[in-house]
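*Asks:* Going line by line, the protein sequences match chains A and B. If you read the first sequence in this note's numbering, its first letter stands for residue 11, the second for the next number, and so on. If you read the second sequence in this note's numbering, its first letter stands for residue 25, the second for the next number, and so on.
These are computed hints drawn from the structure, not numbers from a lab. Where a beta carbon is used, it is the ideal one built from N, C-alpha and C, also for glycine. Be aware that one or more of the hints could be misleading.
BS3-like, lysine-lysine: derived pairs with alpha carbons at most 25 Å apart [stated by the list, open to error]:
1. B:K367 to B:K291
2. A:K323 to B:K83
3. A:K158 to A:K94
4. A:K96 to B:K117
5. B:K351 to B:K367
6. B:K423 to B:K283
7. B:K291 to B:K261
8. A:K96 to B:K102
9. A:K169 to A:K158
10. A:K94 to B:K102
11. A:K94 to B:K84
12. A:K332 to A:K69
13. B:K80 to B:K102
14. B:K125 to A:K94
15. B:K261 to A:K96
16. B:K251 to B:K367
17. A:K94 to B:K80
18. B:K289 to B:K362
19. B:K277 to B:K289
20. B:K117 to B:K83
21. B:K362 to B:K347
22. B:K144 to A:K346
23. A:K94 to B:K117
24. B:K287 to B:K412
25. B:K83 to A:K94
26. B:K125 to A:K96
Using C-beta positions, here's what the derived DEER-type ranges look like [as the list claims (entries may be wrong)]:
27. B:P121 to A:E64: 54 to 64 Å
28. A:Q121 to B:P121: 32 to 42 Å
29. A:F216 to B:A90: 34 to 44 Å
30. B:A184 to A:Y380: 25 to 35 Å
31. A:V371 to B:G193: 21 to 31 Å
32. A:E70 to B:K84: 34 to 44 Å
33. A:Q381 to B:H190: 24 to 34 Å
34. A:R246 to B:L119: 34 to 44 Å
35. B:A184 to A:P382: 20 to 30 Å
36. A:E319 to B:K84: 20 to 30 Å
37. B:P121 to A:T47: 50 to 60 Å
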Amino acid sequence: MNKSLKNLILNSDKFGQLLAIRPLSVSAKQNTTISYTIDKSYDLHRLEQGPSLEVSCNKEEALDFYRKMQYIRRLETTSGNLYKDKQIRGFCHLYSGQEAVCVGMKAALDQNDSVITAYRAHGWTYIMGVSLLGVLAELTGRRTGCAKGKGGSMHMYTKNFYGGNGIVGAQIPLGAGIALKHKYMNEPNVCVALYGDGAANQGQVFEAYNMAKLWNLPVIFVCENNGYAMGTSVNRGSASADFYTRGDFVPGMRVDGMDVLGVREATRFARDFALTNGPILLEMVTYRYSGHSMSDPGTSYRNREEVQEVRQKRDPITTFSKRITEAGLVTPEELKEIDNGVRAEMQEVERRALTDPELDVQELYNDVYYQPEPGFKVRGCDNFTYEVSK
Amino acid sequence: MSFRLLNRIGLSSKHFLFSKNSTSFFHKSCPNLYAAPIQLKMPSLSPTMTEGSIVKWLKKEGDQVAPGDVLMEIQTDKAIVAFEIEEEGTLAKILLPDDSKNIQVGTLVGLVSLPGDDWKTVSVPQESASSSTTPQVSAETPQQPLAHGSSEISQRIGPAARNLVHLYGVDTTYIDKNGLKPNLAESAPVEIPTEPKPKEAQVKKPSGSHPEYQPDYQDIELSNMRKVIAKRLVFSKSTIPHSYITANCLVDKIINIRKEMIKNKQKVSINDFITKAVALALRLVPELNSNMNEKTGEYSQLNTVDVSIAVATDNGLITPIVKDADKIDVLDISENVKILAEKAREGRLMPHEFQGGSFTISNLGMFGINEFSAVINPPQIGILAVGKSQLKFNTNMEKQTEISMTLSYDERCCSLDRAQTFMNTLHFFLSNPDLLVQQKPDL
Chain A
11 MNKSLKNLIL NSDKFGQLLA IRPLSVSAKQ NTTISYTIDK SYDLHRLEQG PSLEVSCNKE
71 EALDFYRKMQ YIRRLETTSG NLYKDKQIRG FCHLYSGQEA VCVGMKAALD QNDSVITAYR
131 AHGWTYIMGV SLLGVLAELT GRRTGCAKGK GGSMHMYTKN FYGGNGIVGA QIPLGAGIAL
191 KHKYMNEPNV CVALYGDGAA NQGQVFEAYN MAKLWNLPVI FVCENNGYAM GTSVNRGSAS
251 ADFYTRGDFV PGMRVDGMDV LGVREATRFA RDFALTNGPI LLEMVTYRYS GHSMSDPGTS
311 YRNREEVQEV RQKRDPITTF SKRITEAGLV TPEELKEIDN GVRAEMQEVE RRALTDPELD
371 VQELYNDVYY QPEPGFKVRG CDNFTYEVSK
Chain B
25 MSFRLLNRIG LSSKHFLFSK NSTSFFHKSC PNLYAAPIQL KMPSLSPTMT EGSIVKWLKK
85 EGDQVAPGDV LMEIQTDKAI VAFEIEEEGT LAKILLPDDS KNIQVGTLVG LVSLPGDDWK
145 TVSVPQESAS SSTTPQVSAE TPQQPLAHGS SEISQRIGPA ARNLVHLYGV DTTYIDKNGL
205 KPNLAESAPV EIPTEPKPKE AQVKKPSGSH PEYQPDYQDI ELSNMRKVIA KRLVFSKSTI
265 PHSYITANCL VDKIINIRKE MIKNKQKVSI NDFITKAVAL ALRLVPELNS NMNEKTGEYS
325 QLNTVDVSIA VATDNGLITP IVKDADKIDV LDISENVKIL AEKAREGRLM PHEFQGGSFT
385 ISNLGMFGIN EFSAVINPPQ IGILAVGKSQ LKFNTNMEKQ TEISMTLSYD ERCCSLDRAQ
445 TFMNTLHFFL SNPDLLVQQK PDL
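So here's chain B without its partners, still in its complex pose (with noise of 0.2 Å):
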């Protein structure tokens, strides 16, 4: 190299613009100061090229070359290229021959001497055998050191690496510097001390075919029924405030008041008269018997006292109507549910017997519940969630049948007040069931 950058040193771009006055004297008497000969170095012929192979040479030593010559066919780490040469001279001298193998990249292979140069004069660089693609330092500008070339470790870390070495908090200590080569990548051996390498075993792949993959479980899309009470039962649960109260209400007087009217082939549940009850007590409280316009944020005390009774189906629960129950007779009462009942089992529902309705009346006690709370079933205000009959006994410790009765109520429309003075008149009239058999009670 130093053969070759004395001979660009020694006439430097400056020298040779300063002398354009005397050209004539520097073209003819000494022609090829400058020109060393052009030095054929393995080149890299792919990005992934390191070393090459000369698998023949098509010129020969003393052959003229010009430009887009092919001076050798040169053996890649992907195929057979063709190395051509861009300057016009002669091929002087032929360092490495023919099949020559293995060759880095930038090691001498050979020279061309320029025009007018004798080529059999041409000597070789003294530090042609090693690679010269290091770059020289130049001697009058001082050195900067190269990012590349720092000696801190984390200086040399690649993004990627450096960010693991971020989230596993690795001391760079820990890394195996064996293992750089030239950078850290991401591939490099990082040992990280706080987490143990899996054991074999557990790596090791089982052997015979693939079992075939059962879920252990099984997929159920929801019906449109559902998704739709999903939908209102969301909508009420987080734009109504829910409030709650309880109330343990005597039936033993309509349990014996309903085995008369059985015995008298009236069949009439406890239900019927819980429906009849809440009708009455909603006319008497009818700040309950009331729907909510969410849009305009008003709500209005309806006229008519309609009571909707949720119905268990295979799909959901649906509430038809039973439309002025106050008006009616817990007999009435009873006719109108067990068709309604039935044809909500059987689909047949028209809309205008379950939309609508001012309350609601949701009974679990034939199913054994003995108490639990519902969502309000917008635009209605409340709802009330009925279990079953139970025997207790009484501070004379006399029995008595209680049914208990959670009222969930809207409280932007209700106050607790009457809420309270609701469950009070219900259980007025659970109490005095003789009151619910007339058609209309005189009040």
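This is chain A alone, in the form it adopts within the complex (with noise of 0.2 Å):
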């Protein structure tokens, strides 16, 4: 937002006039809008000011804000459920009950602005623009899935959205490099790379936090905080759980992860602060219901009292769906019409993700090399098989 802009919001009267009369939780007497104070104020590291603690939606965001969660919460639930009917091998990493971050923060970016993610991926792919069967399909290796169902979990992109990588906290560097094409092609946009707070305490993240910040890049680095690395709980992994302080030189600043209107408005004050002042850090504090993967029950180090609390208290669909009621913005009819839809649709997915053809053995050779030259052979698996590779 430009400042003059936002200075002149700030001091006219119709701000100060709502600033009088609105009420300090939730607006019920609109039906067009719903307006309230966050719960969790901001906490700020090198920060003077952070954004603000209002937050608000129309009836139309909040109906869009609620579809969206509720079709990456129906596509993990269908991604488990597939995984173990062994419809789906390999890596599967589900990202239910983060739902809110993504949602919240692609609602603020510009759609050319970039996004790189580790391989909980699934949710960010969805929200950049890959179909529910692009994802799906992906995932049980079908021809209709994002990356011609040879990549899988861990391999999906789409423009803008650099995947889907495999290799803990290697995406973060990468993402401070796609800051700075933006940078140095003098574009308007923003790169958002995240991680977890397990890749969070990998060296390279330093190294990228360090870079970022010399040149200034216009990079939002977000630690999504799930409580829990790789079977460990954050305070047994990071000698400081402060995530959003641990940039250092970088400023940060601690989000409640489950809250879409509050990461929302996060993300809208980290993109104008990185296009102008360099790197900023967003700790967005969530929680994931599964296992770190499928081969984690997830409950061995915490126990199942823990996880069902935060559903019921904390997650991100229903706290949202309970404000927009409670405020008369939406009625539960149409939450649930949207329920319905929404599995519907996730159903007919399913049964194409499961039906669907798989890729001739052939299209194994194909996209390996950028524009190989006509006729150009690619090895198999062993020392007698080469194929014209595309």
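Using the hints, put the two chains back together into the complex; each one sits in its own frame.
*Replies:* Structure below.
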């Protein structure tokens, strides 16, 4: 947001009026917009002023956010079930519980902003523009998958979305590099580089902080702190669990990652900040309901009661739906309708993800090199098989 | 499966998306048209799990369930794991009770009705008994043949096994198809017709305690000296173009003179005469009295004649130098050689006493060797290999004593012509030993 415009709004009578009349909790008077003060104020690091604690959205946005979060939740539920049905093999890391982060962040990003994340990528892949079928069919290895079924969970890409990275923490320096590209090309865009609280302890993260700050790259580092690295709680694995401060010279902010509007507000602020001042670090405090991966039942290092408590008290979807229904913005029927629609669409997507054809074996030789010469051959799995690559 | 499928097709996403304007009708009048009950199937809870057992149901039919609730405990191949549900609804049917053992993954074990449905009216899908993991074929999209569904056996061979097939030239018809499950892995039985199986007896382990392993060889580390010798020999043999010529020299006169000198208590050896003869020959054929400079590729003819004498020590050959051998007489040479050889055997040679020199003589005559050829000792360009004295008959059937001498020379610095001249000169001096006993023969 333009600074002068911001000042204009802050100083305007209308804004003052709004501040004066707005109740601290939920405004139930209007049914076209909802405004409220976020539950937890942002913790700031090297920032004099954070984003506004007042967040709001209109009905259209609310339904959109709700629908997208439900799509991701159901996509992940389906993925988990298909994995347990042995239809999805290999790696699979579910995003259930963290939906508000990607939905809220995407809502504040420009369509030309870039995103790069690790392998908990299904939600981000969907929100960056890949269809539900593109994600699920990729997981089941069908040709309608976004990488033709060749990549699976760890290799999903689309325009301005750089994956789906299998190497823990490697996406963070890559994200700084994408931000360098934006700056170099004089583009008014940022790159969002996401990582988990486990990857936050990697050495390369700090190298990326350093370079990003040195060159004031327009990058938003986002630590999706879901409380647990692979089998280890944050406090057992990190000497400092204040991830938003760990960029030292990089300003940071701790955000309630379960509040989609709070996330959007923080991302708006961070985006403006990054474009003018260089890197900023957001710690999104969130939670994952499933294990780290499908091989992790997720109950050996935490108890089931803790998970259920988060589901009941902090779930990003139910807290948001409660908020918007209690405020009279939407009716429970409208949400129910969305739920049913999401369920029906996901069933269709699931059916196609199970029945769409697989790629021909020959296709495995293609897309190995960028624009290979005609007739260029690639070696197969043994020393005797060579096939033409396209 | 068909039941579930029909339900789904009955309301495809398209249908639903187009019905946005009539959602209220849709929602109120037929809320669960699309909502088949949620099927609970035996999950694969570990990568190796193929079947599991229901230990205990933690919910009863009619119980409300919420996402994250544990419905039952399942015994996998590794542990007892909780079966969680991610849906909201009512547990409508338990199809397999507590303690059901060895249930195939994918088998329907229960049904959950969606919120708003009457859980009592939920009916079991018809195909419930069988596993429903096989993908259904869509009616609209013509199915492409799946890669793994191909009937050609050759296409089903895994890469490692295919490698074996290629290596051994196995006809794939020999492969025991019963061993295929579902892909031919490397471990699948491959009958290789050309190689008979090892006999049972050969594989059988011997009984009793294992004897301690005694190697039938002994490891000996090379001494530093041998390493240096090897290094220099390799350098010499691989960089110097060696040529060899051999001549038999008559030494009867030397033997006679030596006998007289020994009578006079002048103890000299034949080798001392040879040394003196070589020194004089080098003076007359200076091409062989040279050192090669490998770095510049030039060779220099030396002003002094310093003859190296190869001496065998316990560690190997060393070559002490008789300096100005052309200028001193045989007795002096003899004296020098005795001192140097003794020093060499005791390892007391000073570097200047064995480094340098313009030519080397290696004499194995005293060890009974008839003839041999030697390797040039760089930077020198020639070496003379001397054998033992042998009694022979000449053409007149007279006895004579011959010694076979082989000259190795560096073809770069010395032509065959000059080498031949050298050998002839040497032969001349050895045949006229009276020239050798003078301090400086008048040539």
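*Asks:* The structure should be examined with respect to each hint, and the outcome stated for every one.
*Replies:* Hints and how they fare:
1. B:K367 to B:K291: Distance of about 19 Å is within 25 Å: holds.
2. A:K323 to B:K83: Given that 25 Å is the threshold and the Cα spacing comes to 23 Å, the pair holds.
3. A:K158 to A:K94: This hinted pair holds, its Cα atoms lying about 22 Å apart.
4. A:K96 to B:K117: holds (24 Å)
5. B:K351 to B:K367: holds (23 Å)
6. B:K423 to B:K283: holds (18 Å)
7. B:K291 to B:K261: violated (37 Å)
8. A:K96 to B:K102: holds (17 Å)
9. A:K169 to A:K158: Holds, because 15 Å separates the two Cα atoms, which is no more than 25 Å.
10. A:K94 to B:K102: OK: A:K94 and B:K102 at ~15 Å, within 25 Å.
11. A:K94 to B:K84: Judged against 25 Å, a Cα distance of about 23 Å means the pair holds.
12. A:K332 to A:K69: Since the Cα atoms of A:K332 and A:K69 sit roughly 14 Å apart, the hinted pair holds (cutoff 25 Å).
13. B:K80 to B:K102: holds (17 Å)
14. B:K125 to A:K94: holds (18 Å)
15. B:K261 to A:K96: Not OK: B:K261 and A:K96 at ~69 Å, beyond 25 Å, violated.
16. B:K251 to B:K367: holds (22 Å)
17. A:K94 to B:K80: holds (19 Å)
18. B:K289 to B:K362: Holds: B:K289 and B:K362 sit about 15 Å apart, inside 25 Å.
19. B:K277 to B:K289: holds (18 Å)
20. B:K117 to B:K83: holds (10 Å)
21. B:K362 to B:K347: holds (14 Å)
22. B:K144 to A:K346: holds (22 Å)
23. A:K94 to B:K117: holds (20 Å)
24. B:K287 to B:K412: holds (23 Å)
25. B:K83 to A:K94: With a Cα-Cα distance of about 20 Å, the restraint between B:K83 and A:K94 holds, given a limit of 25 Å.
26. B:K125 to A:K96: Distance ~20 Å between B:K125 and A:K96 Cα, so the pair holds.
27. B:P121 to A:E64: 54 to 64 Å: For B:P121 and A:E64 the Cβ distance comes to about 55 Å; the hint holds.
28. A:Q121 to B:P121: 32 to 42 Å: Once the Cβ atoms are compared, 54 Å apart, the range 32 to 42 Å for B:P121 and A:Q121 is violated.
29. A:F216 to B:A90: 34 to 44 Å: holds (42 Å)
30. B:A184 to A:Y380: 25 to 35 Å: Given range 25 to 35 Å: holds, Cβ gap about 30 Å.
31. A:V371 to B:G193: 21 to 31 Å: holds (24 Å)
32. A:E70 to B:K84: 34 to 44 Å: This hint holds: roughly 43 Å between Cβ atoms.
33. A:Q381 to B:H190: 24 to 34 Å: holds (32 Å)
34. A:R246 to B:L119: 34 to 44 Å: Given a distance of about 41 Å, which is inside 34 to 44 Å, the answer is holds.
35. B:A184 to A:P382: 20 to 30 Å: Because 27 Å falls inside the window, the suggested range holds.
36. A:E319 to B:K84: 20 to 30 Å: holds (24 Å)
37. B:P121 to A:T47: 50 to 60 Å: holds (52 Å)
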